[in-house]
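*Asks:* Listed here are the chains, written in short residue letters.
Protein chains: 4
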Amino acid sequence: MSGSIYGNLFKISTWGESHGKGIGVVVDGCPAGLTLTEEMIQVYLNRRRPGQTKYATPRKECDQVEILSGVFEQKTTGTPISLVVMNTNQHSGDYSEIANYYRPGHADYTYDEKYGFRDYRGGGRSSGRETIGRVAAGAVAMAILNQLGINVCAYTKSIGDISIDYKNCNKENILLSPLAMPDLQASMAAQALLDLKMQELDSVGGVIECIVSGMPTGIGEPVFDKLDANLAKAILSIGAVKGIEFGSGFQSSQMSGSDNNDNFRLDNEGKVRKLTNHAGGVLGGISDGTEIIFRASVKPTPSIAKTQDTINKSGENIKVNIKGRHDPIIVPRGVVVVEAMTAVTIVDMLFMSMTSRIDNIKKFFGH
Amino acid sequence: MSGSIYGNLFKISTWGESHGKGIGVVVDGCPAGLTLTEEMIQVYLNRRRPGQTKYATPRKECDQVEILSGVFEQKTTGTPISLVVMNTNQHSGDYSEIANYYRPGHADYTYDEKYGFRDYRGGGRSSGRETIGRVAAGAVAMAILNQLGINVCAYTKSIGDISIDYKNCNKENILLSPLAMPDLQASMAAQALLDLKMQELDSVGGVIECIVSGMPTGIGEPVFDKLDANLAKAILSIGAVKGIEFGSGFQSSQMSGSDNNDNFRLDNEGKVRKLTNHAGGVLGGISDGTEIIFRASVKPTPSIAKTQDTINKSGENIKVNIKGRHDPIIVPRGVVVVEAMTAVTIVDMLFMSMTSRIDNIKKFFGH
Amino acid sequence: MSGSIYGNLFKISTWGESHGKGIGVVVDGCPAGLTLTEEMIQVYLNRRRPGQTKYATPRKECDQVEILSGVFEQKTTGTPISLVVMNTNQHSGDYSEIANYYRPGHADYTYDEKYGFRDYRGGGRSSGRETIGRVAAGAVAMAILNQLGINVCAYTKSIGDISIDYKNCNKENILLSPLAMPDLQASMAAQALLDLKMQELDSVGGVIECIVSGMPTGIGEPVFDKLDANLAKAILSIGAVKGIEFGSGFQSSQMSGSDNNDNFRLDNEGKVRKLTNHAGGVLGGISDGTEIIFRASVKPTPSIAKTQDTINKSGENIKVNIKGRHDPIIVPRGVVVVEAMTAVTIVDMLFMSMTSRIDNIKKFFGH
Amino acid sequence: MSGSIYGNLFKISTWGESHGKGIGVVVDGCPAGLTLTEEMIQVYLNRRRPGQTKYATPRKECDQVEILSGVFEQKTTGTPISLVVMNTNQHSGDYSEIANYYRPGHADYTYDEKYGFRDYRGGGRSSGRETIGRVAAGAVAMAILNQLGINVCAYTKSIGDISIDYKNCNKENILLSPLAMPDLQASMAAQALLDLKMQELDSVGGVIECIVSGMPTGIGEPVFDKLDANLAKAILSIGAVKGIEFGSGFQSSQMSGSDNNDNFRLDNEGKVRKLTNHAGGVLGGISDGTEIIFRASVKPTPSIAKTQDTINKSGENIKVNIKGRHDPIIVPRGVVVVEAMTAVTIVDMLFMSMTSRIDNIKKFFGH
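Chains as they are written, first to last, in numbering that gives the first Met the number 0: chain A, 0 to 366; chain B, 0 to 366; chain C, 0 to 366; chain D, 0 to 366.
Hints are not guaranteed to be accurate.
Stated by the list, open to error - Pulled a few chain C residues facing chain B out of the computed Cβ check, cut under 10 Å:
1) H18
2) P30
3) I80
4) L174
None of these hints come from the bench; they were simulated from the model. In this text the structure is predicted, and so the values were computed from the model without any measurement. In this text, a Cβ means the ideal position worked out from N, Cα and C, and glycines have one as well.
If we strip away everything but chain A, and leave its shape as in the complex, we get (with noise of 0.2 Å):
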């Protein structure tokens, strides 16, 4: 079984090669009559798109996306969408060097394993281009989610060693910090380090913090289909990403009940609130109402200048430098990422929610 299809009801089909035609996807289960225009969606794809800083690699990609189906006079018809990005810019001479040697930290070896030959420009399948398909899917998500007001934002908190404390989520500030930064004195610290690592031909790791404020309570499916769980399997399946936590996570392995607990408070208006939010917004897999907050750790970049050992497909342990220029950083590039896969993971549980008590149901189809 391949594993490119993601979701229940809001399902997302993604497809592509770093070096193939294209990349796209169709997401099936938008609901109908919903806004929708290319333009929304490259907003997007923009925030991905390598060449902005100098921390990425030049390698221009217009990566312009095509709506092909599913729209209507700008509306979704509630059939299947289809989103394409042509690839106009890849050079398969690049890459021929890497065919017969596994570079360590990427996906070369597994793939040749599993299916016994890959395409091995620029990392094929598993390269980092075959995010296009998902970010274009999270932007039909945010749309759908902008209309629930509830608002996604994730951003660079740390990169390496120099992490930033949790403010306020304003878009503006991440979309000025180079490195998707919100606190601008941290972010040129971190171009420091960054500077240094180039310098070393080597990277460096970081994490991204996402924030989920306006969700609903109630929503998630115990008890494997949880809020977390399925966030947790959303976030892990992007390429680089090697742990996740949620509210307090590791560190409430270390903390006591008293202390983790979150308590609940009426205030004035009788409303529920939460005193604290170590729960990251999720109680018994299900959300409570509060912020959903949850970081994902990014592992440095596997592929640097600096000589390496590896072996080859001729069975000779051999040392590498692999050429062309590096990002010695992808933390800011998954920033993206990390939204749209929580934003599609979210309005899918939404949709999952919709049944969970007969009474709705009911008013739903008018008794």
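Position chains B, C and D against the provided structure of chain A, taking the given hints into account.
*Replies:* Then chains B, C and D, alone, in the frame of chain A:
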């Protein structure tokens, strides 16, 4: 949609609440011809049974499993396997008080919000007893993995700030420690910490580490059904788990690429080896043939006797002391649940991988 | 993969063999707040129980259903509902002879080929008793449909060449006839035909017609999860069913378009009506608001006492007379199974339709 | 939920409307290493292209397929295969009038009811052009089946009351008849019938028969994912299909068990044979190794030039003559679609069957 069914080819459908008549699981997709007995399953269930140590609540539960279908003359028939544990020791009276308020850190509030009401007795479906179904299914999965030389081994890596180093995962050592901590010195220190927490009417969290050995390469289905992504969902679906990381995990966010990359080497027999395993056995979402290693972060037990602030259903702010005996730690009981969910996921993914190559399919059907 | 789980949002997971310990189903996805009792389910199970007429085999089966989870104070909790009927009247001795040969028309041969062996007692999982799980789940689905004013009614339309015309589907008439044939005169003629078949040590087939009234429009998910496509799968999955047709069905293959098209008219109240219903209530795979009508063709009972040619497991051509009392007709027992599978499918499809329009979703979440 | 994704292990995700930019499909789960070219797919697409006979509407469509991903150096990579046919010959002007009324027999009404509005041009997603995606995916499935010696062959069995007897399914004969009717004499008689219908400004229906040869035994997953149940869903999902029957189908409802049962015999080489094939190659939902035979009933083309009663969107009863050239028969164009959906389903079910026995799994993984 309810989310009590897990898996694509090896599916488990769990049911049962803490104070209902019983708890169980239906395993659909277990291949025919596998030896399976109630004793084989009981071994795993016994590992989750409280009362073995002074750190677990003394509700005596016999939890004897019964096979109701899918096995004939001690061999699986390929038809669904229904496993049941009848609840014999439930006192509804113990819990009637909590019907009227929301225990902090528990799913009482979110279940009420989702369904409109809840079975308040003992936590209903959000109770830890729900894991009986998972563990029983895990036993079936383990029986399959044993046939394939794959071993799943989890243990307590840390309790509070007492942590141990990874050594050979030796099942006997784990069973010797009442806390499933294979470093017996650390186990005693942790016991002292727990005694302190009990005196304080409080609790503490911990981390469970899990190691899968004997994995073939090529298991995992990019881009969404990656091996680590599916394991993340499976583990995060376990109650009280708030984070997961693979290999160097969150630490890799602060490492350089040259340090974090695992280099490939061919050994004397020409077999592919890695010098390190920061990847945790998964590259590009696919197994690379080395050990899969991940850690799950478990929050401290929410139920504590200490006074806490919360609200009741009549809309008042109140203070509560949750009556009854409480486990100061969930982690040791969660170890077998982590193994179970890992085993179930690995089996499902092994099955999914069988159709990756046309050559294998032709051979399978005799062409 | 085993195929004992059915549904997308309203999922049923059946288990159990003819001579195992019990037979049951887990219903996952039933909304919370629905009144559900064992009596409500027993009503449906009683309609499949043999021994009521002289045309059904006299194995007395009590088939009392028990609710093991998912209901609290007579209301569904939204958690999985486990329903069980324990087997109390199974004689393994009755069937030992057929362990060694393949009964014509039965699944003995194909189960052996698929799994390598089979539970030969009474047909194992291929036995008609497997329908207990389906009917129990159907009862839950019916409870939901009752809340929505949707009625599912099936009856025997023909036995052999004795056929009746469609009239008002009146449940009382159906229950008056021991053959579930609401035309009592035809019912008596059919009884005579069956007496003849029993004398001949033979059997005969028939057709079940099913009518769903009160359907809202717009139910069905093109292009693959069309309403009629999913009903076809559900009904063809019932043992002994070899065909299905909707509306004018196979007859439409010989009609002209002008005759087969249903014309739309607005009645005095401005409501949309159709002058005919050759479509059987489904247009383009979506309900059109009129009655859904379909017919399922049921083959004659394979187990007959008449001498037949077959082969045994030792590789010899033999002649057999299958011992025991045999039903000369399956159809009357299949009527409630058709209703059950129809109800389960309709509920699932109603749930799936709730996300068709962004307006409805916004309204649902209070926007 | 939208229903444009079909399959469990071999999944197809179709998209596209009659007058959108294009129509296509993403095939997810095709194993790696299969030879696949655009020419191989074009052969199947050409069989659905109108304009070949005088009985098909003269809208010239080039329908050239393009492979956008999933193939490298003419071999499938195991990654998703995106196939596209761009729409080049669509005139929106042709259809503007039907925006305001509901064509009888078409899905105009039901799509409006479901989504609130519809892309009225040419039927939008309910148009026959939607089958392009299915047929392209079917070509990929056929390539797999060819590797396994399995052959799928469909043809026109009847048009109106002109029916033919089943003979060897010879692909050449089918291609010789413009109506895909391998009995050339009957084909001519049917042509005369169609000429008459065109004069009458009317249409007629027919039946497509499909035969699958070379099936292994043991394919099918009781109790819900039976081989015939899944084929029924696949075929009923094709527009205009209103019924399906396997083997003796509806006829068996009037047969006796002694006549309808297929008796097993061992031939001279000790191979299991059946003397008849009333079961249509499926017993208990599992393939028995003989030919799978089923028939699909296709209703007459709804679009006729004859005057019909209907209603318009302003709430008035009107009379219409649907303008334009209309096919008097859908059946010949449906033949390749039936083959495609059958091939896709058979591949999916072959994959599902690979995990039926623990022995096969152990052998697969080298144990």
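*Asks:* Confirm or reject each hint.
*Replies:* Against the structure, the hints:
1. Here the hint on H18 of chain C is kept, as its CB sits about 9 Å from the closest CB of chain B, short of 10 Å.
2. With a cut of 10 Å, the hint placing P30 of chain C at the interface with chain B holds, because the nearest CB-to-CB distance is about 8 Å.
3. For I80 of chain C, the interface hint holds, since its Cβ comes within 10 Å of a Cβ in chain B; the closest pair sits about 7 Å apart.
4. This hint is violated: L174 of chain C has a C-beta 31 Å from the nearest C-beta of chain B, more than the 10 Å allowed.
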